[in-house]
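Asker: Chains as they are written, first to last, in the UniProt record's numbering: chain A, 1 to 645; chain B, 1 to 155.
It is possible that part of the hints are untrue.
[Unchecked claim] Here are the simulated lysine-lysine pairs, DSS-like style, with alpha carbons at most 30 Å apart: (1) A/Lys-600 / B/Lys-6; (2) A/Lys-551 / B/Lys-7; (3) B/Lys-7 / A/Lys-413; (4) A/Lys-268 / A/Lys-526; (5) A/Lys-268 / B/Lys-6.
[Stated by the list, open to error] If we take Cβ atoms under 10 Å as the criterion, some of the chain B residues that face chain A in the derived model are: (6) Tyr-28; (7) Tyr-38; (8) Phe-81.
Think of the hints as simulated: they come from the structure by calculation, not from any bench. All C-beta atoms in this analysis are idealised placements derived from N, C-alpha and C, irrespective of residue type, glycine included.
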Amino acid sequence: MFPEIGHFSLILSLFFAFFLAVVPLIGYWAGNRFLLEAARPLTFLMSFWVFLGFMILSFAFLSDDFSVLYVSQNSNSQLPIWYKFSAVWGGHEGSLLLWALILSAWSSAVAFKVRTLPEDTGPVVLAILGVVSTGFLSFLIFTSSPFVRLLPDTPVDGGDLNPLLQDFGLIVHPPMLYMGYVGFSVAFAFAIAALITGNLNASWARWARPWTAFSWAFLTLGITLGSWWAYYELGWGGWWFWDPVENASFMPWLAGTALLHSLAVTEKRGVFKSWTVLLAIFTFSLSLLGTFLVRSGVLTSVHAFASDPTRGIFILALLILLVGGSLLLYAVRAGQVRSNVSFGATGREAWLLLNNILLTVLTLTVLLGTLYPLIFDALGLGKISVGAPYFNSVFTPIALLLMVFMAVGPLSKWHNTKLKVLLVSCLVSLFLAVFVSGVLVYLYEFTVLAWLSLAVVFWVVCLSFTDWFNKVSAGTKGIIPRARQLPRNYYGMLLAHLGMAVTLVGILLVSVNSKESMLRMSPGDKANIAGYEFQFDGLSHVKGPNYIADKGQFIAYKNGHQVAVLHPEKRLFNARQQVMTEAALDAGFTRDLYVSLGEKLEGDAWGVRIYVKSFVRWIWLGGLMMMAGGLLAALDKRYRRKAGV
Amino acid sequence: MHPVRKKRMLTIIIIVTILGMAVGLIMYALQQNINLFYSPSQIAQGDVPINTNIRAGGMVVAGSVARDLATLSVSFLVTDFQHQVRIQYKGILPDLFREGQGIVAQGKLNRNGVFEAFQVLAKHDEKYMPPEVTEALKNAKVGASQGDVSVQSTY
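Work out the full structure: start from the sequences and follow the hints.
Answerer: Have a look at this one:
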């Protein structure tokens, strides 16, 4: 009974989404106030029915209703209750429903705030969100309904959630990632609405900014969580694989970062208008492309779960319609939003333009590397994969260049900067950066690339503090009152930039200073890795709620003192008979000890991975700092004022 | 030159330079890092470059997994049910590696026709079959039914 209600409520939500997409637009062209104002209630109605559908599916999972096909495929009566809940988005259908739910949540958030927008722009924004919702809800209902029933042959028990997904990281990672992905739909809707109404001024950018910053912060958190999850859960200690699915989330992040910066220029100086609009379209298109890549299974990926080609075609059609439609609109209307303010070659605009060029180039290199196998295959040239070395060798130099300029941008002033002032700060920082990193590299014998990256890190840190100090020391008031007067926006930027530097430290040191070894060990064996002695004590059998496991005990010593006891596990999950590695970690600020069990070999010997990972936590610490920076920027007081005030 | 034009020129020069650098980097990196996939039949027929990074894959032949007793070296056969290739690997195999399972390995083919892998991939999901392997199996089957009818495919 309940699943049918769930299905019905999704159909109702599609119905309202369709009206939301159509009615306000008719109202806009006909100049009818009543139709325009229908946008708000329609948004709430649509969101309510999606929410109800989601709740009913969650209830089906929590109550073990295996008559629902999707539940029986992704859950099991033995599954712990929190995983039963997260199993709702553990498969294709449910994660699409989560997509739709989050889209409707963003739409409702816009609807709450819609009164701060001009009378005709707000409803058009909601209508565009309605168009996107209509597309996704029909995709959900027509190709992948989560409420398909198995009647009358109801299975006794479910097939279980993929053991890899039975983890805290996977409870929070998809919702956060989707919050980011889908959040860019708001910036997209703003951009399209601006093209339709021709209303693209500085206050347009001021409305779009906090929304973009919020989604960017969520996406940053989502990617960070995903990387952290891969590190501890996949059992081989990598934190980024340049896998197509990771790239799918990384491309919108890169484009979104560019958008965040170009919105700043558009708001403050009124330039780059049409470029900003194009970036907003581009960013959301990449989110859609990401969904297509993940959900259609066209690419070989470690994330690729069994998939169905008709779904791929549906979402490809949706992608082409939305992206093609908006680009067409852009081509027709962009001429009207051209800006005619000029800017100087050393002003902040120029630096941000450089930022945008570099970020766009980065996005395109990732896009090319991700789609290259598809193009190659379509041309009949064979099946290829583009490996991580491609991305590392192309991405790293451009990203380092970007970070060099990242530190200079904030120091410069809008319109024009005196070159001399810039040069003095830069030269001092350059000297400090080269010197300090040179000493470190000399002491630890790193490579040239490591030296370069460390220099960039110190460069960013020096210049960021120089900038802050310049701002707080100017004027007659003391440092602390002035520091408190600086806007949140500014601190957000500072935090995000420093976060970038912290992440770079982590990436750099984990790749040049880590010790990784794969060993064959029997109980009683000892191994020396990077100054730590690991002793394999032995194994015991343990029983979990839905698995049995071999649990190893390793003791790590440093200089004869015990540092940590590590318990890596090899789990065999009952329902799927699937084996899973559960790595054991001793996390630290400057190093992680990482032990995971490989395979059981002859006798009592095991293949064992033992890693000492240098500064690996910094990668995610930097990610969290960037997220916090994004949130701070989004919460700046200026955005709370009403439009036109 | 007019200042506005001069600035435009400068912008365009910067964009072109950066794009040029990026394209150069991309071409260079792509040249070295494209890994073509070859099926066991293609390897057996000898149309595969030696000592070049490639990918190979197929179903792991039951009973073919042989381990070294002192190190982590392991070797096994993969098949597309027409031909077999021996794969050598030193390290820990993924959790989903099993006999009869489809896998993809990355590495180089040596002069003796043995594939020396530095990475062996099996996927997240036990129901999942790498698309390359699916296609290799399909091609092998088609080739067999056209060429030699007496060979029975075993799947």
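Asker: The structure should be examined with respect to each hint, and the outcome stated for every one.
Answerer: Verification of the hints:
no.: 1; hint: A/Lys-600 / B/Lys-6; verdict: violated, 69 Å
no.: 2; hint: A/Lys-551 / B/Lys-7; verdict: violated, 66 Å
no.: 3; hint: B/Lys-7 / A/Lys-413; verdict: holds, 18 Å
no.: 4; hint: A/Lys-268 / A/Lys-526; verdict: violated, 62 Å
no.: 5; hint: A/Lys-268 / B/Lys-6; verdict: holds, 24 Å
no.: 6; hint: Tyr-28; verdict: holds, 8 Å
no.: 7; hint: Tyr-38; verdict: holds, 9 Å
no.: 8; hint: Phe-81; verdict: violated, 18 Å
In this structure, the earlier hints numbered 1, 2, 4, 8 are contradicted, and the remaining ones agree with it.
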